[in-house]
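Protein chains in written order, with the working numbering: chain A, 1 to 158; chain B, 1 to 158.
Please note: incorrect hints may appear among the correct ones.
When chains are identical, the list treats them as one kind, so a pair holds in a single copy or across two.
[Said to hold, decoys possible] Calculated lysine-lysine pairs in the PhoX-like style (CA-CA distance at most 25 angstroms, straight line):
{"hint": "1", "residue 1": "Lys-137", "residue 2": "Lys-55"}
{"hint": "2", "residue 1": "Lys-147", "residue 2": "Lys-55"}
{"hint": "3", "residue 1": "Lys-105", "residue 2": "Lys-147"}
{"hint": "4", "residue 1": "Lys-55", "residue 2": "Lys-105"}
{"hint": "5", "residue 1": "Lys-125", "residue 2": "Lys-147"}
{"hint": "6", "residue 1": "Lys-105", "residue 2": "Lys-125"}
I should point out that these hints are in silico values taken from the structure, not numbers from a laboratory.
Protein chains: 2
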Amino acid sequence: MNDLNGHDIEDLRVGMSATFSKTITEADIVLFAGVSGDSNAIHINEEYAATTPFKGRIAHGMLSASVISAAVANRLPGPGAIYLNQQLNFLAPVRPGDTVHATVKVREVVADRGRVVLETTCRVKGVMVIDGEALVKVDSSARRAAKAAAQSAAPAIA
Amino acid sequence: MNDLNGHDIEDLRVGMSATFSKTITEADIVLFAGVSGDSNAIHINEEYAATTPFKGRIAHGMLSASVISAAVANRLPGPGAIYLNQQLNFLAPVRPGDTVHATVKVREVVADRGRVVLETTCRVKGVMVIDGEALVKVDSSARRAAKAAAQSAAPAIA
Numbered sequence: 001m002n003d004l005n006g007h008d009i010e011d012l013r014v015g016m017s018a019t020f021s022k023t024i025t026e027a028d029i030v031l032f033a034g035v036s037g038d039s040n041a042i043h044i045n046e047e048y049a050a051t052t053p054f055k056g057r058i059a060h061g062m063l064s065a066s067v068i069s070a071a072v073a074n075r076l077p078g079p080g081a082i083y084l085n086q087q088l089n090f091l092a093p094v095r096p097g098d099t100v101h102a103t104v105k106v107r108e109v110v111a112d113r114g115r116v117v118l119e120t121t122c123r124v125k126g127v128m129v130i131d132g133e134a135l136v137k138v139d140s141s142a143r144r145a146a147k148a149a150a151q152s153a154a155p156a157i158a
Numbered sequence: 001m002n003d004l005n006g007h008d009i010e011d012l013r014v015g016m017s018a019t020f021s022k023t024i025t026e027a028d029i030v031l032f033a034g035v036s037g038d039s040n041a042i043h044i045n046e047e048y049a050a051t052t053p054f055k056g057r058i059a060h061g062m063l064s065a066s067v068i069s070a071a072v073a074n075r076l077p078g079p080g081a082i083y084l085n086q087q088l089n090f091l092a093p094v095r096p097g098d099t100v101h102a103t104v105k106v107r108e109v110v111a112d113r114g115r116v117v118l119e120t121t122c123r124v125k126g127v128m129v130i131d132g133e134a135l136v137k138v139d140s141s142a143r144r145a146a147k148a149a150a151q152s153a154a155p156a157i158a
């Protein structure tokens, strides 16, 4: 683990998984419309949304997907991880008040390159609403140890 | 175009493009940490972030990517479009104060299925920070016309 309690590449094994969950509130949808600039009527106009096949407002797909970002950053690999790639399939709508459970599971560890491939899914009441895959860069405890050893072995500057 | 001024499948041609731009402010980063639950130190802790190769806080990758969602929803195809898939490669950091220009360009129109494949890129000061591809569902003016004709031809309910 690193100083922030995040996993190093040496800590990761295929099959490890973690979940981060968050309720998507009305406030989240309004704020996400603001930070993204995405003011699609399906997200912010109940009268319009009620006339669509969704029968009411739904959360932005990228808002639900952002809970995956939290699972990666907070849980697995955790703090210190750097996102390189995310692939997302939006399978079903998320509505205000739904709790999104984002699960990340290690699919592959590319140790020599410090990369990990994660299966990334979001579920609401057991139904998969997003699936996909992420590629994340993580640090190496061996790399940090080697760097520290090289620094302590270096001659002092006169 | 539909009633919300969004493009129908019949309006779309390969090569059409549109850009939506948004400055990513300090406020956006704080609010995105809140709505996503992603409180990675690289986004919210300046003292930590200054010790990393990034030399300071950076925006969440999914926050910059959300500007693509706005380009899709607000511009091309525009209102009424439904996100089915988004693939994202995070190429370079976005910092507080950077303006993200999200460009979507039609790569393929699958007319019979009402689907459009978009090339999706984000640039900051001309440098590509995200690239990827999206699959979006759009409505058909022909489908709406056929539905309206069928309804007007139906016998009145006694």
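To see whether the hints hold, each was checked on the structure:
1. Lys-137 with Lys-55: Intra 40 angstroms, inter 17 angstroms, cutoff 25 angstroms: inter-copy only.
2. Lys-147 with Lys-55: Answer is between; shortest inter-copy Cα gap is 19 angstroms, intra-copy 58 angstroms.
3. Lys-105 with Lys-147: Cα proximity of Lys-105 and Lys-147: none, with 30 angstroms in one copy and 45 angstroms across.
4. Lys-55 with Lys-105: Neither: 33 angstroms inside a copy, 30 angstroms across copies.
5. Lys-125 with Lys-147: neither (46 angstroms within a copy, 34 angstroms between copies)
6. Lys-105 with Lys-125: within (19 angstroms within a copy, 36 angstroms between copies)
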